[in-house]
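Could you build the full structure based on these sequences and the hints that come with them?
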Amino acid sequence: MTLTDEAAKEGTEPVARPRWWLAPAKWWRELLIIGIGFGLYTFIQHQINVSPVPAIRHANAFLAAERWLGIDVEAPLNGALAGHPTLATVANDYYVLLHEVVTPAVILWLFLRRRAAYPYARFLLAVPTLLGFVLYYAVPVAPPRLVPGAGIVDTMAVFPGIGDYSSGPMEHTAAQFAAFPSLHFAWALWAGAMVFWLVRHWFVRALAVCYPACTGLVVLATGNHFVLDLAGGAAVTACGIGLLGLLRPVSETVALQSAPESSS
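Using my numbering, the first residue of the sequence shown is number 12, and each one after it goes up by one.
Keep in mind the hints are simulated off the structure, nothing from the lab.
C-beta atoms are modelled at their ideal positions from N, C-alpha and C, and glycine is treated no differently.
Just to be clear, a hint being listed does not mean it is correct.
Pair by pair, the computed Cβ-Cβ distance ranges are [what the hints assert, rightly or not]: (1) Val145 - Pro63: 13 to 23 Å; (2) Ile252 - Arg124: 14 to 24 Å; (3) Phe214 - Val101: 21 to 31 Å; (4) Ala168 - Leu80: 42 to 52 Å; (5) Ala217 - Leu254: 25 to 35 Å.
Following this line, the structure appears as structure tokens:
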């Protein structure tokens, strides 16, 4: 084959198509995925709320394990928060609302400004979320605030803010007995990690680190999660990272590392 023939052939080799789970973002596909995810979450919410008995039994087992390990910090944090009504109300509002604002905001930012990284970020969000759904259904766990004798003040009932999971319409839409794993914490880890990796400004990075740390503190102090729930949230997040490493070919470029820096 001559050099001319080789030149003519150049660029005609078939380009490997990305795996479907890392397919380039299209707005209609993303809306479909979000719709399916929301529908699944709503279905599991109603299923979880059927019987509190196994959820409270599992929660007592969690509490016993934490006491044995010496990591049962929920009661001291909750007691300190309950002594400050205004701060407790702010913490309750943080718990109810912030994940519903920050997570979609990061998704939208990735879709609009970091399109190359978006499929990877979507995968790393979807895996822990789906694993959380499975565990919610298989192993329902009551939050500390709903466990009799746990010594936890239900700040959401005593200091209601914008949303109250303990009464009213939220009582029938929130997964009251789906504390393990803490998807609040898993989603905060995901959002913080995405921003930290893709933005170079030190202040934004500092906020990215503070967000999951503050979320973990809030969910413990408000009595919505055990420390083991946070560990579960971190574990399902790690499963997403590990699964991505197994499914992604070694030769494939990691978009999270190659995405351009933020203009900030």
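Comparing the hints with the structure gives:
1. Checked against the hint of 13 to 23 Å, the C-beta distance between Val145 and Pro63 comes to roughly 20 Å, which is consistent with it.
2. Range check, Ile252 to Arg124: about 22 Å between beta-carbon atoms, so the 14 to 24 Å window is met.
3. As the Cβ distance of Phe214 to Val101 is approximately 22 Å, the hint placing it in 21 to 31 Å holds.
4. Judged by the Cβ atoms, the range 42 to 52 Å given for Ala168 and Leu80 is violated: they are separated by roughly 28 Å.
5. Between Ala217 and Leu254 the beta carbons are some 29 Å apart, a value that agrees with the proposed interval 25 to 35 Å.
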